[in-house]
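Colleague: The hints should help you fit chain B onto chain A, whose structure is shown.
So the sequences go chain by chain: A and B. FYI, full-length UniProt numbering numbers position 229 of the first sequence as 229, with every residue one higher than the one before it. FYI, full-length UniProt numbering numbers position 178 of the second sequence as 178, with every residue one higher than the one before it.
Calculated from the structure, these hints are not laboratory results. Don't take each hint at face value.
[Said to hold, decoys possible] Under the rule of at most 25 Å between Cα atoms (straight-line distance), these lysine-lysine pairs were calculated in the DSS-like manner:
(1) LYS84/B with LYS139/A
(2) LYS163/B with LYS188/B
(3) LYS209/B with LYS3/B
(4) LYS125/B with LYS188/B
(5) LYS68/B with LYS33/B
(6) LYS50/B with LYS139/A
[To be verified] Short, incomplete list of chain B residues facing chain A, as computed with Cβ under 10 Å:
(7) TYR81
(8) VAL87
(9) LEU94
(10) ASN160
(11) PHE166
[To be verified] Listed next, with one range per pair, are the computed distances between beta-carbon atoms:
(12) ALA16/A with ASN11/B: 37 to 43 Å
(13) ASN26/B with GLY227/A: 32 to 38 Å
(14) LEU244/A with ASP66/B: 52 to 58 Å
(15) PRO36/A with ASP28/B: 32 to 38 Å
(16) ILE223/B with LEU230/A: 34 to 40 Å
(17) THR172/B with MET59/A: 45 to 51 Å
(18) THR18/A with GLU31/B: 44 to 50 Å
(19) ALA80/B with CYS63/A: 51 to 57 Å
(20) GLY42/B with PRO36/A: 52 to 58 Å
(21) ASP143/B with HIS189/A: 58 to 64 Å
(22) ILE249/A with LYS221/B: 51 to 57 Å
All C-beta atoms in this analysis are idealised placements derived from N, C-alpha and C, irrespective of residue type, glycine included.
So you can see what is in the structure, the chains are spelled out below.
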Amino acid sequence: MNPLAAIGRNFITFLASTGRIVLFALSIICHCLQPPLYLRLILRQFIEIGYHSLPMVGMTTLCSGMVVALQSYTGFARFFAEETVATVVVISMLRELSPVLTGLMVAGRVGASMAAEIGAMQVTEQIDALTTLSTNPYKYLIVPRIIASIISLPFLVLIGDIIGVYGGFMIGIYKLNFNAASYIFFIVHHLEKIDVIAGMAKAIVFGFLITLMGCYQGFNSRRGARGVGLATTNAVVVASIMILLTNYIITEIFFIN
Amino acid sequence: MSKIIKLRIRNLKKSFGSKMVLNGINLDICEGKSLVVIGASGSGKSVLLKCIIGLIRPDSGVIEIDGKNVISLPRYEREAYMHKFGVLFQGGALFDSLSVWENVAFGLIATRNINRSTARGIALKKLAQVGLSEDVANLSTADLSGGMQKRVSLARSIANDPKFIFFDEPTTGLDPIMADIINKLIVKCTRDLGITGFLITHDMSSARKIADRIAMLYHGKIIWEGAVNKIDNSGNNYVNQFINGKAELPI
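So that you can see chain A by itself, here it is in the shape it has in the complex:
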């Protein structure tokens, strides 16, 4: 076995699947812009993707807000502690932690279930059946999920921002004995519009990526339980990597310059 050939083969496979995903994404965008849109299905996906993710997102951001407050105090904020802790919590939650953690958690919850559901439909010929019943499977299965996720993710992130900052506030008041009024003053003082907007812009992109990967892997799932299992794993892993990668790129676009 020639190691160079193996590397080359893997590289070509990687390029080919990248190309397929891009084409898939383009055709989804085209389908999103053309009627008909299934409103019932979009609403159902809102509940599934947005509403049902709330507890998980709230829990994650609350804990990380608390932890950031604690660590920034013990680490480097003995002097001017109130102002520093408030600033660090607000900036790190709004810009990075809330969008990334929300994205990763939703990828694990929603992306996986999309890949499994669509994969199982593919395996049991339900997607073929949709086509024969004059229903475009892209429009019926993917478009509602894409629309619901790119709209609900920013709201989830916004809620995550609020809960995360509140988590930091609780630690500041009850554990580090800060003055509540001045802590709130510093939060408001350091709260910038661009931070909120950047977080929500990230959320829109992450929402698209999560659904894209969930649906792509489900549609291309191989037969059998193993095929569907593999599709689910791939959906979560690839979506997570893409989230971390695009997160860096968007941060650079918004904050460096």
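Modeller: Just chain B now, kept in the frame of chain A:
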């Protein structure tokens, strides 16, 4: 006897990689008649069916339905063409997120834009046609037995009053009695209503009951075709082996 050709296939070819699955298929089906394609597992039956209903794009050849070559049609026209078809999938392919009646009415709601209560009424009628009562209409499809799922699937494939129905191994996985019930239902839904049928199967009892003509697919080619009563005297070794279910050569 009507002589109008409903489906004409000429020199249809399809290969996956280097594996030739369909190697020049020629078939005709007259209007109101049923053609059954028999063949061993892996002989390309399912691929042939999927080529005709547009799920797989063949490499070359002609598929004419009502005199129109459907291979070259653009996607949206092709989708519109699907209205005229009913398809019964091997595993039923019922949507497990929907109830029984929603499954049956799916095509009606999707294409004709009729409201849900009218669609439900039509669905109940179609369910009655395949011998299912109103009680099952609200059940989830996952709660049904295999035979019931096949019946619901059959009801769904006739819901749009198609002129042409395709069946993919309708009796696979059923007990002989249920298989016979399904066969009779298929005859009722096709021959008795003058609807054209195309069925692929490896179940000879099903083929004999439903078919007007039988074609045998072997290694991507039609090696024998004829009326159903001629099959026992086909003079073809492969056909004889298949219909008698022998393990010895030539297949």
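Colleague: The structure should be examined with respect to each hint, and the outcome stated for every one.
Modeller: Right, here's what the structure says about each hint:
1. LYS84/B with LYS139/A: Holds, because 21 Å separates the two Cα atoms, which is no more than 25 Å.
2. LYS163/B with LYS188/B: Measuring from Cα to Cα gives roughly 14 Å; hence the hint holds.
3. LYS209/B with LYS3/B: At roughly 22 Å apart (the allowed maximum being 25 Å), LYS3/B and LYS209/B satisfy the hint.
4. LYS125/B with LYS188/B: holds, 15 Å
5. LYS68/B with LYS33/B: holds, 19 Å
6. LYS50/B with LYS139/A: Status holds; Cα separation ~21 Å.
7. TYR81: This interface hint holds because 9 Å falls under the 10 Å limit.
8. VAL87: holds, 4 Å
9. LEU94: Holds - the Cβ of LEU94/B comes within 10 Å of chain A, reaching about 8 Å at its closest.
10. ASN160: Constraint on ASN160/B satisfied, holds at 8 Å.
11. PHE166: This hint holds: PHE166/B lies near chain A, its Cβ roughly 8 Å from the closest one there, short of 10 Å.
12. ALA16/A with ASN11/B: 37 to 43 Å: Roughly 31 Å apart at Cβ, these two residues miss the hinted range, so it is violated.
13. ASN26/B with GLY227/A: 32 to 38 Å: holds, 35 Å
14. LEU244/A with ASP66/B: 52 to 58 Å: At 54 Å between Cβs, range holds.
15. PRO36/A with ASP28/B: 32 to 38 Å: holds, 37 Å
16. ILE223/B with LEU230/A: 34 to 40 Å: holds, 38 Å
17. THR172/B with MET59/A: 45 to 51 Å: Because 48 Å falls inside the window, the suggested range holds.
18. THR18/A with GLU31/B: 44 to 50 Å: holds, 48 Å
19. ALA80/B with CYS63/A: 51 to 57 Å: holds, 54 Å
20. GLY42/B with PRO36/A: 52 to 58 Å: violated, 39 Å
21. ASP143/B with HIS189/A: 58 to 64 Å: At roughly 60 Å between Cβ atoms, HIS189/A and ASP143/B fall inside 58 to 64 Å, so the hint holds.
22. ILE249/A with LYS221/B: 51 to 57 Å: Given a distance of about 54 Å, which is inside 51 to 57 Å, the answer is holds.
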